[in-house]
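Trainee: What follows is each chain in one-letter form.
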Amino acid sequence: MNLRTALRPAWIIARREILDTMRDWRQMVPTMLLALGFPLLMDLSAKRALDFVAQYGGAVMGERFIPFLLLMVGFFPVSASLYTALGSFAGEKERKSLEPLLVTPLANWQLYLGKFTGTLIPPLLAAYLGMAIYTAGLVLLADWRIPAGLFFLVLVLATVQGAVMVAVAVVISSQTTSVRAAGLLASFIILPIGALILAESFVIISATPEWLWGFVVALVLVAILFIRMGIHLFDREELLVRDIDQLNLGKAWRIFWGRLRAKAPGRLGWYRYSCRRIARWRLPLMLMLGVWVTALGIGYQQAGRFAFPPDLQTDLLATMSTNIQLVQLGISDDVLVAGGVSAMILLQNLRALLIQAVLGIFSFGTAAVMVFMLPWGLVGYLAGQFGLAGANPLALAPYVLPHAIAELPALLLASTAILHWGATTVAPPPGRSLGEIWLEAAADFCRVLCGFTVPLLVVAALLEAFLTPAVVAWISA
Amino acid sequence: MIETDGLGKRFNGLTAVADVTFEVERGKLLVLLGPNGAGKTTTVRMLTTLLRPTSGTAWVAGFNITDEPSAVRRHVGLLTEYPGLYHRMPGIDYLEFFGQLYGLESPDIQARASTLLAQFGMAQAARRRIGEYSKGMRQKLAIIRAMLHNPPVLMLDEPTSAMDPQSAKTVRDAILQLRDDHHTVLVCSHNLAEAEILADRIAIIRHGRIIADGSPADLKRELLGDPLMEVRLAQPSDDRQLDLNGIVSVQASGSDWFRYRTADPHTTNPQVLQRLAALGLDVVTLSKAPQSLEEVYLRVVSGRAPSGKP
Chain R
1 MNLRTALRPA WIIARREILD TMRDWRQMVP TMLLALGFPL LMDLSAKRAL
51 DFVAQYGGAV MGERFIPFLL LMVGFFPVSA SLYTALGSFA GEKERKSLEP
101 LLVTPLANWQ LYLGKFTGTL IPPLLAAYLG MAIYTAGLVL LADWRIPAGL
151 FFLVLVLATV QGAVMVAVAV VISSQTTSVR AAGLLASFII LPIGALILAE
201 SFVIISATPE WLWGFVVALV LVAILFIRMG IHLFDREELL VRDIDQLNLG
251 KAWRIFWGRL RAKAPGRLGW YRYSCRRIAR WRLPLMLMLG VWVTALGIGY
301 QQAGRFAFPP DLQTDLLATM STNIQLVQLG ISDDVLVAGG VSAMILLQNL
351 RALLIQAVLG IFSFGTAAVM VFMLPWGLVG YLAGQFGLAG ANPLALAPYV
401 LPHAIAELPA LLLASTAILH WGATTVAPPP GRSLGEIWLE AAADFCRVLC
451 GFTVPLLVVA ALLEAFLTPA VVAWISA
Chain C
1 MIETDGLGKR FNGLTAVADV TFEVERGKLL VLLGPNGAGK TTTVRMLTTL
51 LRPTSGTAWV AGFNITDEPS AVRRHVGLLT EYPGLYHRMP GIDYLEFFGQ
101 LYGLESPDIQ ARASTLLAQF GMAQAARRRI GEYSKGMRQK LAIIRAMLHN
151 PPVLMLDEPT SAMDPQSAKT VRDAILQLRD DHHTVLVCSH NLAEAEILAD
201 RIAIIRHGRI IADGSPADLK RELLGDPLME VRLAQPSDDR QLDLNGIVSV
251 QASGSDWFRY RTADPHTTNP QVLQRLAALG LDVVTLSKAP QSLEEVYLRV
301 VSGRAPSGKP
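Chains R and C are the protein sequences, given in the same order.
For the first sequence, the positions run 1 to 477 when this note's numbering is used.
For the second sequence, the positions run 1 to 310 when this note's numbering is used.
Calculated directly from the structure, the hints in this document are not laboratory data.
Some hints could be false.
To be verified - Computed footprint of chain C on chain R; a stretch qualifies when at least three of its residues, placed anywhere within it, have a C-beta under 8 Å from a C-beta of chain C: (1) 102-110; (2) 226-240.
Said to hold, decoys possible - Taking beta-carbon pairs under 8 Å as the criterion, some of the chain C residues facing chain R (in silico): (3) Phe-11; (4) Thr-48; (5) Arg-74.
As the list claims (entries may be wrong) - Here are some, though not all, of the chain R residues that point toward chain C, as calculated from beta-carbon distances under 10 Å: (6) Pro-9; (7) Asp-20; (8) Lys-96; (9) Ser-97.
Note that the Cβ used here is the ideal one computed from N, Cα and C, for glycine as well.
Using the sequences plus the hints, can you model the full thing?
Mentor: Shown next, in the form of structure tokens:
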């Protein structure tokens, strides 16, 4: 089957969605007002603003205000796509028209793509129309021409913003049973998009619009992630059978606990089972190892760019040794103090892990990778500074290695589990609900945390408080 | 054409369908009969690959429902429990839309749609928006949608619900025509009269299990026992007069009538008539008493033992 033949059914679905939108006055009237009326209003506002600031010689203010209004003119009609996208599956389910569609021979991705395209095209066309009217109005009313490059940039930005909003809304729609429930969940789209618009406005007003290409790239990646997630989550049975969105804490707990406990006989059995599960994460583990090496490398490389002041560099080794020795002297006399330091180190590591997990959940695991990179990037950076000071960069090893032997595997495993947790929602296995796989991935994270990471971090904290200073002192002596 | 082997479906630990096994040959019509919630729709949804079976498997039009879902859907026409139409679309556009999804070319869709719309008395309404249709018209349009790509297998869930008697007859005739044209048809229904008219075979489903399966005549014989004969007499008679000399045992009687069961009416009935003549009782009629499918259904669904059976 060639691409054109494969895409044809998706286009048939999309065309029907577009025609349906155009037949619905409740959608057409506001869209047309936003596409035709709003740009004219913005033209008048721009003209007034330009005239006003011109009186005080502040033409530059007006010049920055005009692209900002272009951004708004492009965004508002696109925001209307939320309404149709949220109803794409949930609405059809409510109207009982979903089953005949699901029984057609179309593949899941064709149905999904058809819905996605069908809900995206009308608001996008309205946005393009609005931007064209606004630009033309500026020429006529204020004799002001928006640079072609900027116009193209905002056009692309509006398109990818629309794609992200629709992709997320279609995922929400396919996971809820009613338009009402989908509408309530839409705040997960509106709030981040609102923050994004603020950031974009700031970039435009601070006269660095070329930065918006960075936003475009990030949004394209997010759109791809959500489209992939939507296609993976699309399941005919789930769409048909899910009748009530009832909060079932008992069931959720059973899924979580069942996965965590794993019906393994005894502690040894549980560890054996857990090792088997972790062994399945070969690819993410390898990826995280690669990330670890990369973080060290980036840190080392950045040492040259952000070098220590020369006076600090010359006695870097001596300063660090002295500091560590002082710490060792301070804590070695008192086991209680040393224990307290260990506890603080452990708490710090757990707090970092918690932040990593929370960020990972909301970023498909990507933020977890970044948080994991930070400390190792710093280690690489410090090693780089050693090199700049004329010492062997490996001289840093005694400061890190004694406790890193336990800390690195602990963080590596936990980060992999968080990455797996976040990434599972992007590409869930077929035939499972999003809630189920999310809970199971959460249980897997807890398994790693309780069974491996926390014990290893306890050991690492003890080593860091007792052994590392001793090793440094021994080497320095 | 349709073959199921121990088909079963569980939802969150609840059994919706269990161990359903049946076969419908090409050009035959099976009615899946059962009360609401018996598992009819779940069975059909599994056969159309909308639900994955949790046990067993099935083949539809030669394709396995688990391994070749797309091929199964291509060869099946489904009338869903609810018509599921797009109300802002004109009827003909709706059919064009679904025809295209099944890979038909526009001229073929137009030709086929015109024929079916005319057959169902819908030609005049083709260009009207579906939102303006009556319930019956919507149901007819949904049936046309299911038949549009001329699938070898049709599954119709309550095809005549919400229809007036005339429309229901049109639909029934169309279904019978499909069967005569060698299509395989599976109808889900709880309309007993309709089942009796349409079915080559009836499978009665209850609590997700098939509890009786056979032709309407076979089911009646099997579940209601031997044929029930009814004699109407010219004059009233009392029990003492009605001494049939052990030829048959009377099942029920009134002042001028009585009923008996016989496995062999050809032999027994003349003997009964001779005996009545000998008793001086004039016979007005001797006929087979009507036994309805409803009686069979109620008996099976309520779990009562068949008449005349131990």
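Trainee: Failing hints, ascending?
Mentor: none
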